[in-house]
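K.L.:
Each chain, letter by letter, is given below.
There are 2 protein chains.
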Amino acid sequence: MRYASRKEDFLPRSFYNIKADLPAPPKPPLHPGTKEPLKPEDLEAIFPKSFIRQEGVTDREVPIPEPVLEAYSVFRPTPLIEATALRKALDTPARIFYKYEGVGPVGSHKTNTAIMQAYLAAQDGVKTLATETGAGQWGSALAYAGSRFGIETRIFMVRSSFRQKPGRRVIMEMFGGTVLESPSPTTEAGRKFYDQDHEHPGSLGIAISEAVEVTLKTPGVKYALGSVLDSVLMHQTVIGLEAEKQMEEMGVVPDTIIGCVGGGSNFAGLAFPFIRHNLRGERKARFIAVEPEACPSLTRGALRYDFGDSVGMTPLLYMYTLGMDFVPPPLHAGGLRYHGMAPLVSHLAAMGIVEPRAVDEKTVFDRAVLFMKTEGILPAPESSHAISVAVDEALAAKKEGRERTILFNLSGHGFLDISAYARNGHGGKA
Amino acid sequence: MRYASRKEDFLPRSFYNIKADLPAPPKPPLHPGTKEPLKPEDLEAIFPKSFIRQEGVTDREVPIPEPVLEAYSVFRPTPLIEATALRKALDTPARIFYKYEGVGPVGSHKTNTAIMQAYLAAQDGVKTLATETGAGQWGSALAYAGSRFGIETRIFMVRSSFRQKPGRRVIMEMFGGTVLESPSPTTEAGRKFYDQDHEHPGSLGIAISEAVEVTLKTPGVKYALGSVLDSVLMHQTVIGLEAEKQMEEMGVVPDTIIGCVGGGSNFAGLAFPFIRHNLRGERKARFIAVEPEACPSLTRGALRYDFGDSVGMTPLLYMYTLGMDFVPPPLHAGGLRYHGMAPLVSHLAAMGIVEPRAVDEKTVFDRAVLFMKTEGILPAPESSHAISVAVDEALAAKKEGRERTILFNLSGHGFLDISAYARNGHGGKA
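Protein sequences, first through last, are from chains Y and U. With this note's numbering, letter number 424 in the first sequence gets 657, and the count goes up by one each step, no holes. With this note's numbering, letter number 92 in the second sequence gets 325, and the count goes up by one each step, no holes.
There's no promise every hint is true.
If chains are identical, the list can't say which one is meant, so a pair holds when it fits in one copy or spans any two.
[As the list claims (entries may be wrong)] Subject to a maximum C-alpha distance of 27 angstroms in a straight line, what follows is the list of computed DSSO-like cross-link-like pairs (lysine-lysine): (1) K360 / K321; (2) K360 / K272; (3) K360 / K606; (4) K240 / K425; (5) K282 / K360; (6) K632 / K606; (7) K631 / K595; (8) K595 / K268.
It should be emphasised that the hints constitute simulated quantities derived from the structure, not laboratory data.
Using the sequences and the accompanying hints, generate a full structural model.
P.N.:
Dropping the structure here:
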């Protein structure tokens, strides 16, 4: 393995806002009632005002506030690693690099936006942030960020993951978060599904509806979202901005950038700072967004307006979607179980800049174990989707006898997902 | 946080053998039957011959074989981090540094000796290594190392940990290890306890007896031990040798070096390369070995010959011991549940160079959560004993208004120990 350094000055002072570089803007979100383009004040019932301002910002560089930089400096810059052992095992001419976001306090990239959102909420005097979580990565990130900035957190966790991943619930509670199994009987939206089936596996869409309902009905509560929205993706660009400097230090420029996509934020966070060079005509890198075959919004969904949740409470977003009613099977990569895709990622896919790719779960787990055995890091099931395509691309390079420089986002570790490995036939029963 | 770099040339090419620098040698191990000093050939029934040669080596520098260096390079050099956020929270003049061994494939320092032992066994044509494991850190390290060098592993896991930490079992099995709950009904030694109580919580001592018995009775099987022995401690010196170079890079020299002790190997691995400067009269650093109050071999045990296991099958070791019959309560820091202490660590404690310190479990968990909240890394319960004393020392420095440079070993992460946090009142019930 070769490690880029983690110098303090590799941590960027501003987020990169890709909207400033797009030739045409994506279609705007619509008000769920009027179907007219959403006005910032329409969001005030749900989001903190400072967050709404971030969502609308058009500057190319958006400064990162000092207390957020200080919070980032606990674990950022994250490592940038050359996968020399994986390369050797694949016997490929391609060089493979990965940005490792699993070193953060809760083990994934989600902390990047959680810290920013908790900071903004605290600036606005918000007492509590409500949210949903799939595998628990986002919920634990928000609970951690909340504990740093004095914000309480109320987290609806998708039942299938709640049952599979008790460790993440403990972490949320360790940081003072309140965790509810979703669909829950505590909200109207939840009861709609809970009353049909107390063991309903849930989905991110349903959990979003529950968190939004609590927000609308409870004074002092605002809502936080872990992916999909423009500013959430923008907060994640610290990943790609750091990676670019670290790869410069190593003297390489990636030609293939890969990330897994559920809502789209970890992919965007790594890719957008590199896509800017494509948009400016400086480079012609490829960008591959990897999703599970079982939840194929980019590869099988339609590009149209759809609700962000499963009940129809959120604004309408123009995005690739499988439909708000789509309930994905209880995948181990709980963080990828979402019916839609971030409007910005959808827009770039429609432009042909982002290549969608769907992969099957068995291949993903086999590749994850290969990665563990060679690189010595147990990857999250979500991130393993990116590994799987990085391996495909490295093998394609071998077949073609071409040098390539592949960079992927290892968005989190899998130590809290061990039962998923066991259920996929690796290491007996959990 | 400030990170030292992880340059390839910080990885040492030789282990440091402290025996070459001791003014007087420790008392030798005795044959369990004759009570005469052990001859190398007495160990041949149990250990691979190459390992026995390592155990007897007297050279100061013992070369690390190339294939072992290659295996180390997957995760080594490990990070050396300055705990700037913890320091700020404690408002102390002391600077605090930690060597983080949790980045290895199974999340602890144990891989350092596991890789060397699997390599030596493979050189000798050994087919299977049998061993015991407490919390599962050692067992998973040996399973990983075995999978790299084509060695099968058979692992007796202490029942109380087996039940609390199913994740580690899955990892062992992921690497092809066979895991048995100990005391088991599959050995005579195990049945002695199992027949009394099928739910006997077990201990490291009992599990060692089981693994040794299997070794003695099964052709092609040799035994591997994760701590206690001189050469095992020597293999861990890569930790301290790297740390010294990394601290040099940062321009600091530690005056207080801290590690937790169960068998003693992670403490020794960090401390011995620094102790050599004390032995040579070059420095006067302090070395603190931290154990749980519930298993206080160094602070409350007697320095005498005792068996390494609970049945009396191993050689007699001259060490601080609570007695071979001592069964510690089912502590969360399963890796520290051992009745004895490495002879070399015992020797240095008797010489007054190593200061023993016992800490209570509640304080340890509170400090672990403080560390998580400030430094963003969830520590293993074992390593948290070192954190706890690092905090004590930093607070003492504050009281005295003295600058200090503290270095401790963060020997592993706690993502597979979450249930222990929950049971200590952090984050609800697991």
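K.L.:
If a hint holds in the structure, say so; if it doesn't, say that too.
P.N.:
Structure-based check of each hint:
1. Taking CA atoms no more than 27 angstroms apart as the test, K360 paired with K321 passes between copies only; the shortest distance there is 26 angstroms, against 52 angstroms inside one copy.
2. Taking the closest pair of Cα atoms, K360 and K272 come within 27 angstroms of each other only inside a single copy of the chain (24 angstroms); across copies the shortest separation is 70 angstroms, beyond that limit.
3. In the homo-oligomer, the alpha carbons of K360 and K606 lie at most 27 angstroms apart only across protomers (20 angstroms), although the nearest pairing inside one protomer, at 45 angstroms, exceeds that limit.
4. Taking the shortest Cα distances, K240 and K425 never come within 27 angstroms of each other, neither inside one copy (51 angstroms) nor across copies (56 angstroms).
5. For the homomeric pair K282 and K360, the shortest alpha-carbon distance inside one copy (14 angstroms) is at most 27 angstroms, but the shortest distance between copies (65 angstroms) is not.
6. Taking the shortest Cα distances, K632 and K606 sit within 27 angstroms of each other inside one copy (23 angstroms), while across copies they are farther apart (48 angstroms).
7. Only within a single protomer do K631 and K595 lie at most 27 angstroms apart by alpha-carbon distance; the minimum there is 23 angstroms, versus 55 angstroms between protomers.
8. In the homo-oligomer, the alpha carbons of K595 and K268 never lie at most 27 angstroms apart, since the shortest distance is 41 angstroms inside one protomer and 56 angstroms across protomers.
Violated hints, in rising order: 4, 8; the structure is consistent with all others.
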